[in-house]
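K.L.:
Protein chains in written order, with the numbering used here: chain A, 1 to 114; chain B, 115 to 226.
Since the hints were made in silico from the structure, they are not lab data.
Cβ atoms here follow ideal geometry from the backbone N, Cα and C, with glycine treated the same way.
Among the hints, a few may not be true.
Using 30 Å as the maximum straight-line C-alpha spacing, the simulated DSS-like pairs for lysine-lysine come out as follows [said to hold, decoys possible]:
1) B:Lys-115 to A:Lys-58
2) B:Lys-127 to B:Lys-171
3) A:Lys-68 to A:Lys-49
4) B:Lys-171 to B:Lys-115
5) B:Lys-127 to A:Lys-49
6) A:Lys-69 to A:Lys-58
7) A:Lys-49 to A:Lys-69
8) A:Lys-58 to A:Lys-68
9) B:Lys-127 to A:Lys-58
Computed far set for chain B versus chain A, every beta-carbon distance over 10 Å [said to hold, decoys possible]:
10) Ala-116
11) Leu-125
12) Ser-145
13) Glu-196
14) Ser-200
15) Leu-223
16) Thr-226
A partial selection of chain B residues facing chain A, derived with a Cβ cut-off under 10 Å [claimed, not checked]:
17) Lys-115
18) Ala-206
19) Ser-208
20) Asn-219
Here are the chains, one letter per residue:
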Amino acid sequence: AQSVTQLGSHVSVSEGALVLLRCNYSSSVPPYLFWYVQYPNQGLQLLLKYTSAATLVKGINGFEAEFKKSETSFHLTKPSAHMSDAAEYFCAVIQMDSSYKLIFGSGTRLLVRP
Amino acid sequence: KAGVTQTPRYLIKTRGQQVTLSCSPISGHRSVSWYQQTPGQGLQFLFEYFSETQRNKGNFPGRFSGRQFSNSRSEMNVSTLELGDSALYLCASSAELNSPLHFGNGTRLTVT
Numbered sequence: 001a002q003s004v005t006q007l008g009s010h011v012s013v014s015e016g017a018l019v020l021l022r023c024n025y026s027s028s029v030p031p032y033l034f035w036y037v038q039y040p041n042q043g044l045q046l047l048l049k050y051t052s053a054a055t056l057v058k059g060i061n062g063f064e065a066e067f068k069k070s071e072t073s074f075h076l077t078k079p080s081a082h083m084s085d086a087a088e089y090f091c092a093v094i095q096m097d098s099s100y101k102l103i104f105g106s107g108t109r110l111l112v113r114p
Numbered sequence: 115k116a117g118v119t120q121t122p123r124y125l126i127k128t129r130g131q132q133v134t135l136s137c138s139p140i141s142g143h144r145s146v147s148w149y150q151q152t153p154g155q156g157l158q159f160l161f162e163y164f165s166e167t168q169r170n171k172g173n174f175p176g177r178f179s180g181r182q183f184s185n186s187r188s189e190m191n192v193s194t195l196e197l198g199d200s201a202l203y204l205c206a207s208s209a210e211l212n213s214p215l216h217f218g219n220g221t222r223l224t225v226t
């Protein structure tokens, strides 16, 4: 069965600093991986997706993620944090069966200090 | 294109009551999924429907049920509410298998 692990329930960075949110996956087949962001009192918004076309995936709001098969990782990065990036971020993998089911990590709350 | 719409946004119910939540997917999307989000358990899959058929169900008791209509709109029902059912219930729709899920803003259910 597929699964994802997000290291660090909270990450705090200064405005302008590099953002690195970690995600490791477990999958016996090439995975479909996603990063979602959730702002307070809202649903989840898709940041980016990996579908095996390219290992470096660019998303919205300046975020990108690199798929590393050797490390089973799909870490999310952004070169320069902005106050508006403060939110909770979820890594997810598709459960490979006949239906559509996402398995989510436990989430990482990003805090951005002025 | 309008996004996924969930109604109502907020709901307060008493233990033992039942509740119905509604979800309208993005036009053209035939897959609708439901997730429960709580601080303790995170995001958990409830069920997924495609063309009015339930294709998958998560590990929830039978009190949780759902259905999908011919226009792809979906409802989920929780009967005999318990305090632990207090959560944010998120609906998501997708155009096809393995394409991204698009989420609504959720229904915040509080059981007192």
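K.L.:
Run every hint past the structure and note whether it holds.
P.N.:
Against the structure, the hints come out as follows:
no.: 1; hint: B:Lys-115 to A:Lys-58; result: holds, 23 Å
no.: 2; hint: B:Lys-127 to B:Lys-171; result: holds, 24 Å
no.: 3; hint: A:Lys-68 to A:Lys-49; result: holds, 14 Å
no.: 4; hint: B:Lys-171 to B:Lys-115; result: holds, 29 Å
no.: 5; hint: B:Lys-127 to A:Lys-49; result: violated, 37 Å
no.: 6; hint: A:Lys-69 to A:Lys-58; result: holds, 17 Å
no.: 7; hint: A:Lys-49 to A:Lys-69; result: holds, 15 Å
no.: 8; hint: A:Lys-58 to A:Lys-68; result: holds, 15 Å
no.: 9; hint: B:Lys-127 to A:Lys-58; result: violated, 42 Å
no.: 10; hint: Ala-116; result: holds, 14 Å
no.: 11; hint: Leu-125; result: holds, 14 Å
no.: 12; hint: Ser-145; result: violated, 5 Å
no.: 13; hint: Glu-196; result: holds, 23 Å
no.: 14; hint: Ser-200; result: holds, 15 Å
no.: 15; hint: Leu-223; result: holds, 14 Å
no.: 16; hint: Thr-226; result: holds, 20 Å
no.: 17; hint: Lys-115; result: violated, 14 Å
no.: 18; hint: Ala-206; result: holds, 8 Å
no.: 19; hint: Ser-208; result: holds, 6 Å
no.: 20; hint: Asn-219; result: holds, 5 Å
When each numbered hint is compared with the structure, violations occur for hints 5, 9, 12, 17.
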